[in-house]
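K.L.:
Keeping their order, the protein sequence lines are chains U and S.
Per my numbering, numbering through the first sequence is continuous, rising by one, with the last residue being 225.
Per my numbering, numbering through the second sequence is continuous, rising by one, with the last residue being 250.
In case anyone wonders, no lab produced these hints; they're calculated from the structure.
Just so we're clear, the structure is a prediction, and the values are computed from it rather than from any experiment.
The reader is advised that the hints may include incorrect statements.
[Stated by the list, open to error] Straight-line alpha carbon distances no greater than 20 Å define the calculated SDA-like cross-link-like pairs of lysine to any residue that follow:
hint	chain 1	residue 1	chain 2	residue 2
1	U	Lys-188	U	Tyr-120
2	S	Lys-195	U	Phe-215
3	U	Lys-188	U	Ala-130
4	S	Lys-242	U	Gly-195
5	U	Lys-188	U	Asn-134
6	S	Lys-195	U	Glu-213
7	S	Lys-206	S	Leu-157
8	S	Lys-242	U	Arg-221
9	S	Lys-242	U	Gln-151
10	U	Lys-121	U	Ser-197
11	U	Lys-126	U	Val-224
12	S	Lys-242	U	Leu-149
13	S	Lys-242	U	Glu-213
14	U	Lys-172	U	Leu-194
15	S	Lys-242	U	Asn-148
[Unchecked claim] Listed below are several chain U residues computed to face chain S (Cβ distance under 7 Å; list not exhaustive):
hint	residue
16	Glu-213
17	Phe-216
18	Gly-217
19	Glu-218
20	Gly-219
[As the list claims (entries may be wrong)] Over 10 Å on every C-beta distance to chain U, these chain S residues come out as not near it, computed from the model:
hint	residue
21	Pro-167
22	Thr-192
23	Ser-207
C-beta atoms are modelled at their ideal positions from N, C-alpha and C, and glycine is treated no differently.
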Amino acid sequence: EAGVVQSPRYKIIEKKQPVAFWCNPISGHNTLYWYLQNLGQGPELLIRYENEEAVDDSQLPKDRFSAERLKGVDSTLKIQPAELGDSAVYLCASSLEFGVTGELFFGEGSRLTVL
Amino acid sequence: AQSVTQLGSHVSVSEGALVLLRCNYSSSVPPYLFWYVQYPNQGLQLLLKYTSAATLVKGINGFEAEFKKSETSFHLTKPSAHMSDAAEYFCAVSDMGNTPLVFGKGTRLSVIA
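Full structure from sequences and hints, please.
P.N.:
Listed below in structure tokens is the structure:
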């Protein structure tokens with residue numbers, strides 16, 4: 111069974127440029143998460159989707175970040191415009207159902223460098 | 138709100154020695170507790186989890202952790218370290234699975250030959 115797939119793995123852009131990350135969760139997983147991982151830190155939740163609905167986006171900086179999960183499967187996280195402080199790893203995770211076992215399955219992450 | 142504190146950002150052990158990574162949690166309700174491992178340039182992989190069943194939880198790769206409510210702890214142990222155990226380890230908590238996982242800052246484990 112395929113795991114959570116993210117792309118691109120690495121992205122280098124100049125500040126003020128836009129960037130987008132894509133995530134394909136494990137088949138059948140209704141819940142999808144985007145986490146931000148700064149260097150030397152643990153992951154921090156940005157947004158959680160239940161199917162196509164964003165049910166927890168309180169930590170998403172909405173002035174420059176946006177996300178969507180069309181048809182309740184793949185998801186895209188966008189930053190526009192990017193700032194130097196956005197350099198980090200963006201992790202996507204999925205789970206079968208929220209609140210059942212709590213276990214999340216993570217992708218390998220998308221590492222963003224903003225110059 | 139729930140939180141976890143991982144004591145020691147870096148732990149170094151000799152190959153074959155005991156591994157002990159410390160995690161203390163804060164939660165207003167019975168917690169679900171997790172340990173994840175992250176190898177360089179990879180995502181997080183679940184090592185083990187506690188969801189209110191047996192307090193001693195066994196995971197993959199010979200790791201285990203014990204839930205101690207009186208100490209609000211969930212320390213990770215392995216009797217004998219292997220070179221392949223070198224990685225970043227994260228403790229995480231959820232309020233009975235009803236809230237998204239909150240992660241600690243991580244502990245980097247180095248294994249010396």
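K.L.:
Compare the structure with each hint and give your call.
P.N.:
Okay, the hints, checked on the actual structure:
no.: 1; hint: Lys-188/U x Tyr-120/U; verdict: holds (15 Å)
no.: 2; hint: Lys-195/S x Phe-215/U; verdict: holds (19 Å)
no.: 3; hint: Lys-188/U x Ala-130/U; verdict: holds (4 Å)
no.: 4; hint: Lys-242/S x Gly-195/U; verdict: holds (18 Å)
no.: 5; hint: Lys-188/U x Asn-134/U; verdict: holds (15 Å)
no.: 6; hint: Lys-195/S x Glu-213/U; verdict: holds (15 Å)
no.: 7; hint: Lys-206/S x Leu-157/S; verdict: holds (18 Å)
no.: 8; hint: Lys-242/S x Arg-221/U; verdict: holds (18 Å)
no.: 9; hint: Lys-242/S x Gln-151/U; verdict: holds (5 Å)
no.: 10; hint: Lys-121/U x Ser-197/U; verdict: holds (10 Å)
no.: 11; hint: Lys-126/U x Val-224/U; verdict: holds (9 Å)
no.: 12; hint: Lys-242/S x Leu-149/U; verdict: holds (10 Å)
no.: 13; hint: Lys-242/S x Glu-213/U; verdict: holds (18 Å)
no.: 14; hint: Lys-172/U x Leu-194/U; verdict: holds (17 Å)
no.: 15; hint: Lys-242/S x Asn-148/U; verdict: holds (10 Å)
no.: 16; hint: Glu-213; verdict: holds (6 Å)
no.: 17; hint: Phe-216; verdict: holds (4 Å)
no.: 18; hint: Gly-217; verdict: holds (5 Å)
no.: 19; hint: Glu-218; verdict: holds (5 Å)
no.: 20; hint: Gly-219; verdict: holds (6 Å)
no.: 21; hint: Pro-167; verdict: holds (12 Å)
no.: 22; hint: Thr-192; verdict: holds (17 Å)
no.: 23; hint: Ser-207; verdict: holds (23 Å)
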